[in-house]
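Trainee: Here are the chains, one letter per residue:
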Amino acid sequence: MRILYIDTSSNYLYTAIVENNKVLCEVKKEFGHQLSEMALPEIVSMYENNSIDVKSINKIIVVNGPGSFTGIRIGITIAKIYAWSLNIPITTITSLEAMMISSKSKSFYVPVIDARRGYCFGAIYNDKKEQILKPQHIKIVDLEQKLKDTKDYIVITNDDINIEGKKESYNPDIAKIVEYFQDKESINPHAVNPDYLKLTEAEESKL
Amino acid sequence: MKDIYVLGIESSCDETSVSIVKNGTEEIATVISSQIDIHKDFGGVVPEIASRHHVKNITIVLEECLNKANMKIEDVDAIAITYGPGLIGSLLIGLEAAKTLAFIYNKPLIPVHHIAGHIYANSLVKEMEFPLLAVVVSGGHTELIEMTDHYKFNKLGGTLDDAIGECYDKVARVMDLEYPGGPKLDKLALKGKVTYKLPIPLKDDSYNFSFSGLKSAVINLAHNEEQRGNELRKEDLAASFQKVAVESITLKVRKAILDKGIKNVIIAGGVAANNILRKAMKDLTDELNVKLSIPPIKYCTDNATMIAAAGYYAYLDGRRADYYLNSASSAKLN
Numbered sequence: 000m001r002i003l004y005i006d007t008s009s010n011y012l013y014t015a016i017v018e019n020n021k022v023l024c025e026v027k028k029e030f031g032h033q034l035s036e037m038a039l040p041e042i043v044s045m046y047e048n049n050s051i052d053v054k055s056i057n058k059i060i061v062v063n064g065p066g067s068f069t070g071i072r073i074g075i076t077i078a079k080i081y082a083w084s085l086n087i088p089i090t091t092i093t094s095l096e097a098m099m100i101s102s103k104s105k106s107f108y109v110p111v112i113d114a115r116r117g118y119c120f121g122a123i124y125n126d127k128k129e130q131i132l133k134p135q136h137i138k139i140v141d142l143e144q145k146l147k148d149t150k151d152y153i154v155i156t157n158d159d160i161n162i163e164g165k166k167e168s169y170n171p172d173i174a175k176i177v178e179y180f181q182d183k184e185s186i187n188p189h190a191v192n193p194d195y196l197k198l199t200e201a202e203e204s205k206l
Numbered sequence: 000m001k002d003i004y005v006l007g008i009e010s011s012c013d014e015t016s017v018s019i020v021k022n023g024t025e026e027i028a029t030v031i032s033s034q035i036d037i038h039k040d041f042g043g044v045v046p047e048i049a050s051r052h053h054v055k056n057i058t059i060v061l062e063e064c065l066n067k068a069n070m071k072i073e074d075v076d077a078i079a080i081t082y083g084p085g086l087i088g089s090l091l092i093g094l095e096a097a098k099t100l101a102f103i104y105n106k107p108l109i110p111v112h113h114i115a116g117h118i119y120a121n122s123l124v125k126e127m128e129f130p131l132l133a134v135v136v137s138g139g140h141t142e143l144i145e146m147t148d149h150y151k152f153n154k155l156g157g158t159l160d161d162a163i164g165e166c167y168d169k170v171a172r173v174m175d176l177e178y179p180g181g182p183k184l185d186k187l188a189l190k191g192k193v194t195y196k197l198p199i200p201l202k203d204d205s206y207n208f209s210f211s212g213l214k215s216a217v218i219n220l221a222h223n224e225e226q227r228g229n230e231l232r233k234e235d236l237a238a239s240f241q242k243v244a245v246e247s248i249t250l251k252v253r254k255a256i257l258d259k260g261i262k263n264v265i266i267a268g269g270v271a272a273n274n275i276l277r278k279a280m281k282d283l284t285d286e287l288n289v290k291l292s293i294p295p296i297k298y299c300t301d302n303a304t305m306i307a308a309a310g311y312y313a314y315l316d317g318r319r320a321d322y323y324l325n326s327a328s329s330a331k332l333n
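Sequence lines, in order, name chains A and B.
Per numbering that gives the first Met the number 0, residue 0 is the first one in the first sequence, and the count goes up by one each step.
Per numbering that gives the first Met the number 0, residue 0 is the first one in the second sequence, and the count goes up by one each step.
Just chain A, same shape as in the assembly (with noise of 0.2 Å):
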């Protein structure tokens, strides 16, 4: 079973190919704005460098958010072409769950992600992993209302952002990812799409 993993939804391009839980190959870079330019040539290099073909992946696992807009739509955008075309099983993962799996901790886990203006992208799992807040665009003092009385938990981020409570950066761990979603239930390309979580703006001053 050889699995595509692709997360674009930050500064970073997290992408690798895992097989039988042994990552083959991957890569972890910051591009920041260059990553349209860059996500699809890195992911051929990858390819490429390692001899791959790219019709031999069986699935394909693809963060859908939340994150940058326009960063989660490039790796979207990347893997429904390719699962669609060759008609590939895939399915998605929210960014959160890729932090909570990642981590190396064992308590409560608290990924959040800034996005402006007191406002963080946030979900809360329990030390068994089981969602307890689903991932959600909430004020930060509205989450650290709903974790005051949650004695021992950990926030996961690569932000600045000023929330209470333990915290522990996030760099992937993608075999363990891929092992804990491999076999999550794959969906219609068509039906692959960014879950932002939030309303454009323009769509807010409407409301």
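Check the hints yourself; a few may be wrong.
Label-pair distances were calculated between CB atoms; the ranges are [claimed, not checked]:
{"id": "1", "chain 1": "B", "residue 1": "ILE103", "chain 2": "A", "residue 2": "SER185", "range": "13 to 23 Å"}
{"id": "2", "chain 1": "A", "residue 1": "LYS103", "chain 2": "B", "residue 2": "ILE103", "range": "32 to 42 Å"}
{"id": "3", "chain 1": "B", "residue 1": "ASP258", "chain 2": "A", "residue 2": "GLU25", "range": "56 to 66 Å"}
{"id": "4", "chain 1": "A", "residue 1": "ASP158", "chain 2": "B", "residue 2": "GLY42", "range": "28 to 38 Å"}
{"id": "5", "chain 1": "A", "residue 1": "HIS189", "chain 2": "B", "residue 2": "GLY42", "range": "25 to 35 Å"}
{"id": "6", "chain 1": "A", "residue 1": "LYS21", "chain 2": "B", "residue 2": "ILE103", "range": "22 to 32 Å"}
{"id": "7", "chain 1": "B", "residue 1": "LYS331", "chain 2": "A", "residue 2": "ASN125", "range": "51 to 61 Å"}
{"id": "8", "chain 1": "A", "residue 1": "LYS28", "chain 2": "B", "residue 2": "LYS202", "range": "46 to 56 Å"}
{"id": "9", "chain 1": "A", "residue 1": "HIS189", "chain 2": "B", "residue 2": "PRO295", "range": "28 to 38 Å"}
{"id": "10", "chain 1": "B", "residue 1": "SER329", "chain 2": "A", "residue 2": "ASP159", "range": "28 to 38 Å"}
{"id": "11", "chain 1": "B", "residue 1": "ASN333", "chain 2": "A", "residue 2": "ASN19", "range": "47 to 57 Å"}
Straight-line C-alpha distance at most 16 Å; calculated EDC-like pairs for lysine to aspartate or glutamate [unchecked claim]:
{"id": "12", "chain 1": "A", "residue 1": "LYS197", "chain 2": "B", "residue 2": "GLU47"}
{"id": "13", "chain 1": "A", "residue 1": "LYS205", "chain 2": "B", "residue 2": "GLU47"}
{"id": "14", "chain 1": "B", "residue 1": "LYS106", "chain 2": "B", "residue 2": "GLU73"}
{"id": "15", "chain 1": "B", "residue 1": "LYS192", "chain 2": "B", "residue 2": "GLU234"}
{"id": "16", "chain 1": "A", "residue 1": "LYS183", "chain 2": "A", "residue 2": "GLU129"}
{"id": "17", "chain 1": "B", "residue 1": "LYS39", "chain 2": "B", "residue 2": "ASP175"}
{"id": "18", "chain 1": "A", "residue 1": "LYS205", "chain 2": "B", "residue 2": "ASP40"}
{"id": "19", "chain 1": "B", "residue 1": "LYS39", "chain 2": "A", "residue 2": "GLU202"}
{"id": "20", "chain 1": "B", "residue 1": "LYS183", "chain 2": "B", "residue 2": "ASP235"}
{"id": "21", "chain 1": "B", "residue 1": "LYS125", "chain 2": "B", "residue 2": "GLU25"}
{"id": "22", "chain 1": "A", "residue 1": "LYS54", "chain 2": "B", "residue 2": "GLU73"}
{"id": "23", "chain 1": "B", "residue 1": "LYS1", "chain 2": "B", "residue 2": "GLU25"}
It should be emphasised that the hints constitute simulated quantities derived from the structure, not laboratory data.
Just so you know, even glycine gets a beta-carbon here, dropped at the ideal spot from N, CA and C.
Following the hints, complete the assembly by docking chain B onto the known chain A.
Mentor: Here is chain B on its own, set in the frame of chain A:
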């Protein structure tokens, strides 16, 4: 010679479109998913909403086009993509899709400038004869481009501020016409007379245009009439505006034809659908004994057919992009 099939992808604004064209001249199949009804509620295209719809639609539009053509991606010879200019977030979706397909199927990736696409909409109608003058008029562009041969572009001039189509839409808003108001203004003008006096913008010796002054003149005129308690005769204002806007185009087209010894004129872009412009261009080219080509309306608005057509000539010209190709919101035509 072997037939060349080019698959074109266009997503520069609010249309997701895919098309397959044979030898740059024959449309095999085209699918366009327009978001016009979505953006209507916001009075114009909202870039983030447009990007969100592109990513939702892209594989669906691709699949529909291939089904319509009864072809597979393996069957096409190259993939042509609009890399710019346009809305950056929108452009990116088509671009990532095209790059990914080119990689998976090992097909040449052909970068196409959106304006080149509009120009090559004409090759779907009849063979282009050179030297020619391309009059590009759309919501995002107003340009005069001289071509001595396929893919030899020489920009003579362009708008210094708003594009003509943008000006039409903004003026239409003053007249309470729903977005996109340009075509509605054109219809309304047919019922009116030229009674309001408006200035012809940039009546100078250049090949350039300017439409923001005209837009302001219309806004001021409407405002003054309101203050004086006069009823604004919308049909007449539409007719008066159209006359001036179109005259500013024909003025510079006439100059270019005479200066450059042009024998063929083509019109390209969404505003090529405008009735008054079509008639004025026909009268002008008849008078100067020059051939005129105007593509049918379906090829005037944004579509991937024109991108695939342009892509064929770019392919013959040896143009190729690698996987580092990036979208460029303000790409230059060359």
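Trainee: The structure should be examined with respect to each hint, and the outcome stated for every one.
Mentor: Evaluation of the provided hints:
For B/ILE103 and A/SER185, the Cβ-Cβ distance of about 18 Å falls inside the hinted range of 13 to 23 Å, so the restraint holds. Between A/LYS103 and B/ILE103 the Cβ separation comes to about 36 Å, which falls inside the hinted range of 32 to 42 Å. At roughly 59 Å, the beta carbons of B/ASP258 and A/GLU25 sit within the given window of 56 to 66 Å. About 35 Å separates the C-beta atoms of A/ASP158 and B/GLY42, a value consistent with the hinted range of 28 to 38 Å.
The supplied range of 25 to 35 Å is met by A/HIS189 and B/GLY42, whose beta-carbon atoms lie about 30 Å from each other. Roughly 24 Å separates the CB atoms of A/LYS21 and B/ILE103, a value that falls within the hinted 22 to 32 Å. The hint said 51 to 61 Å for the Cβ distance between B/LYS331 and A/ASN125, and at roughly 55 Å that hint holds. In this structure, A/LYS28 and B/LYS202 meet the distance hint of 46 to 56 Å, their C-beta atoms being roughly 54 Å apart.
A hinted range of 28 to 38 Å holds for the C-beta pair A/HIS189 and B/PRO295, which are about 31 Å apart. Distance hint check: the CB atoms of B/SER329 and A/ASP159 are about 33 Å apart, consistent with the given range 28 to 38 Å. The hint said 47 to 57 Å for the Cβ distance between B/ASN333 and A/ASN19, and at roughly 50 Å that hint holds. For the hint pairing A/LYS197 with B/GLU47, the CA-to-CA distance comes to about 12 Å; that is within 16 Å, so the pair holds.
Taking the CA atoms of A/LYS205 and B/GLU47, the gap is near 15 Å; set against the 16 Å cutoff, the hint holds. At roughly 9 Å between alpha-carbon atoms, B/LYS106 and B/GLU73 fall within 16 Å of each other, so this suggested pair holds. The hinted pair formed by B/LYS192 and B/GLU234 meets the criterion: a straight-line CA distance of about 7 Å does not exceed 16 Å. For the hint pairing A/LYS183 with A/GLU129, the CA-to-CA distance comes to about 15 Å; that is within 16 Å, so the pair holds.
For the suggested pair B/LYS39 and B/ASP175, the alpha carbons sit about 13 Å apart, so the restraint of at most 16 Å is met. Of the pairs offered as hints, the one joining A/LYS205 and B/ASP40 holds, with about 9 Å between alpha carbons and a cut-off of 16 Å not exceeded. At most 16 Å may separate the alpha-carbon atoms for a hinted pair to count; B/LYS39 and A/GLU202 meet this at roughly 13 Å. Simply put, B/LYS183 and B/ASP235 have alpha-carbon atoms about 14 Å apart, close enough for the 16 Å limit, and the pair holds.
Of the supplied pair hints, the one linking B/LYS125 and B/GLU25 holds, its CA atoms being roughly 10 Å apart against a limit of 16 Å. Taking the CA atoms of A/LYS54 and B/GLU73, the gap is near 14 Å; set against the 16 Å cutoff, the hint holds. With a CA separation close to 14 Å, the supplied pair B/LYS1 and B/GLU25 stays within the 16 Å bound.
Of the numbered hints given earlier, the model fails none.
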